[in-house]
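J.: As a plain string of letters, each chain reads:
There are 2 protein chains.
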Amino acid sequence: MPRHRCLVNGEARADLDVSDRGLAYGDGLFETIAIRAGRPCCWLAHLDRLARGAVRLGLPVPSPARLKQEATRLGDGVECGILKIILTRGPAARGYRPPPEPKPTRILMLTEQSPPSIEARISDRAARVRVCQTRLGINSQLAGLKHLNRLEQVLARSEWADASADEGLMLDAEGRLVCGTMSNLFLIDEDGVLQTPLIDRCGVAGTARARVLDDARAAGLEVRERRLALTDVVRARGAFLTNAVIGIWPIRTVEEHAFELSRLPWTLLERVHARLLQPELEW
Amino acid sequence: MPRHRCLVNGEARADLDVSDRGLAYGDGLFETIAIRAGRPCCWLAHLDRLARGAVRLGLPVPSPARLKQEATRLGDGVECGILKIILTRGPAARGYRPPPEPKPTRILMLTEQSPPSIEARISDRAARVRVCQTRLGINSQLAGLKHLNRLEQVLARSEWADASADEGLMLDAEGRLVCGTMSNLFLIDEDGVLQTPLIDRCGVAGTARARVLDDARAAGLEVRERRLALTDVVRARGAFLTNAVIGIWPIRTVEEHAFELSRLPWTLLERVHARLLQPELEW
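So the protein sequences, as listed, match chains F and G. With this note's numbering applied, the first sequence corresponds to residues 1 to 283, in that order. With this note's numbering applied, the second sequence corresponds to residues 1 to 283, in that order.
By construction, these hints were calculated from the structure, which means they are not laboratory data. Note that CB positions come from ideal geometry on N, CA and C, so glycine has one too. Heads up, some of the hints might be wrong.
As a list, the in silico DSS-like pairs of lysine-lysine whose alpha-carbon atoms are at most 25 angstroms apart [what the hints assert, rightly or not]: (1) LYS103/F - LYS84/F; (2) LYS103/G - LYS84/G; (3) LYS84/F - LYS103/G; (4) LYS84/G - LYS68/G; (5) LYS84/F - LYS68/F; (6) LYS68/G - LYS103/G; (7) LYS146/G - LYS146/F; (8) LYS68/F - LYS103/F; (9) LYS68/G - LYS103/F.
Sample of chain F residues facing chain G (criterion: CB under 10 angstroms; computed from the structure) [stated by the list, open to error]: (10) ARG94; (11) GLN133; (12) THR134; (13) GLN141; (14) ASN149; (15) ALA156.
Please put together the full structure from these sequences, using the hints given.
T.: Structure below.
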């Protein structure tokens with residue numbers, strides 16, 4: 001069993017009041033952060049997304065200094081792991097209406113991992129991907145947020161229990177391609193242009209997705225965020241997924257369609273992957 | 001402060017493991033039940049919806065006998081109150097994939113209320129209703145379920161903090177009228193037909209809604225479940241909301257549009273209201 005460590009509002013405990021709005025309504029946000037050498041990877045990107053999400057939900061923005069101090073406390077002595085931060089609107093009386101002065105709940109949970117399985121070469125662990133039946137509802141107010149309403153992802157991930165697939169692609173209610181159950185999607189089209197679905201109507205604005213977009217543009221690669229369909233996948237030269245903990249995750253197959261892995265822009269992907277899983281030195 | 005009583009998996013406690021999937025993903029269901037004379041109202045309807053929701057989410061259906069025993073224990077000596085039942089997929093390791101053998105968490109929370117405010121004549125407390133900007137995403141897989149993913153309702157109810165409105169109507173992503181933030185909607189159209197929005201794409205299948213539909217049909221009233229728009233509201237003779245704890249809730253105004261309350265089918269509504277808030281004798 002992996003070792004867990006947990007802080008709830010700075011206290012070493014692992015329980016929550018049942019009146020917490022995070023439980024009652026999914027009224028909150030979370031971040032999932034890779035830990036290497038006891039330090040978080042892409043810390044500022046996660047903190048920034050958490051802060052922007054808090055503003056959009058009308059939650060007080062948590063203190064970066066306090067989160068850093070707590071993350072440091074949990075990460076101490078941990079070579080490799082995953083830090084999950086949950087921020088909720090806190091305990092409250094019944095009813096959807098948010099309390100005028102919420103007392104947010106801040107949870108940090110660390111799960112240790114064994115390094116070797118993580119650090120395998122990215123080309124060696126290309127994903128077999130299926131297409132999920134479960135659709136994503138369209139709601140531009142919630143799009144992009146890493147909020148706690150994740151039943152669509154749960155139902156999508158419930159569609160297979162065997163090892164036949166590593167990840168599932170999800171379409172929105174209108175049939176557009178959005179993301180994987182726990183990842184963002186990129187395609188390299190016939191002209192070598194990097195494409196990724198817009199996440200203005202559903203889906204999560206992944207920190208790894210943002211890093212890929214930035215680094216690809218900096219490398220002079222043409223990049224387009226647009227509406228994509230499943231037909232774009234089968235026409236693409238290559239495809240990969242991104243996730244803050246996995247990093248770059250090349251796609252080997254989508255259902256019956258196989259990709260030639262050699263056609264991915266490996267130099268760029270290896271570099272971005274290394275950056276995604278590099279512990280912050282100054283944070 | 002109202003008195004709270006709480007049972008978690010049958011134990012008198014009020015805390016939850018932070019690894020519970022109810023918190024992490026809103027992976028669960030809830031029921032909100034009126035208590036009168038220490039006994040729940042419409043118990044079987046709530047139990048039935050909970051069981052059907054559990055089947056749809058792939059959760060083990062909780063034992064009715066155990067729920068009854070726990071509800072009895074909490075309700076003992078309580079004249080008037082609200083019982084909330086939360087059922088989650090329980091604690092689990094990270095990841096959307098549901099554990100093959102979940103250990104569900106069952107939470108019962110009772111909040112006492114003072115009877116007078118509740119038992120006022122329904123015509124005396126007609127609602128002023130606004131129209132919310134927050135939309136409901138369309139997802140037929142989740143439609144009807146009283147699940148724990150309620151951020152849309154939270155955002156909708158955040159749109160006003162003053163006493164200018166009692167409830168807000170919500171439209172779906174395509175602009176169709178669906179429900180109130182915490183209620184279902186009924187209209188009496190120009191021909192005296194009772195109409196209510198379909199809840200096949202979003203919204204909750206309210207127990208009070210079902211009771212109104214059944215009793216109206218039994219009374220010989222014509223009833224239609226269909227797609228409705230805001231224009232249907234202003235054309236209607238009258239309108240009312242339903243909620244398991246409030247009962248029948250007539251609408252006085254929707255934004256600037258005022259209804260003549262006298263045009264509602266009061267005999268039927270008073271009868272249904274009484275049934276909704278009548279404690280079960282045999283349960």
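J.: Are the hints correct? Go through all of them and say.
T.: Hint-by-hint comparison with the structure:
1. LYS103/F - LYS84/F: Within the cut-off at roughly 20 angstroms; holds.
2. LYS103/G - LYS84/G: holds (20 angstroms)
3. LYS84/F - LYS103/G: holds (22 angstroms)
4. LYS84/G - LYS68/G: The hint holds at about 13 angstroms.
5. LYS84/F - LYS68/F: Holds: LYS84/F and LYS68/F sit about 13 angstroms apart, inside 25 angstroms.
6. LYS68/G - LYS103/G: Holds: LYS68/G and LYS103/G sit about 20 angstroms apart, inside 25 angstroms.
7. LYS146/G - LYS146/F: Holds: LYS146/G and LYS146/F sit about 22 angstroms apart, inside 25 angstroms.
8. LYS68/F - LYS103/F: holds (20 angstroms)
9. LYS68/G - LYS103/F: violated (33 angstroms)
10. ARG94: holds (6 angstroms)
11. GLN133: Result: holds, 8 angstroms to nearest chain G Cβ.
12. THR134: holds (6 angstroms)
13. GLN141: Hint on GLN141/F: holds, closest Cβ of chain G at ~6 angstroms, below 10 angstroms.
14. ASN149: holds (4 angstroms)
15. ALA156: holds (7 angstroms)
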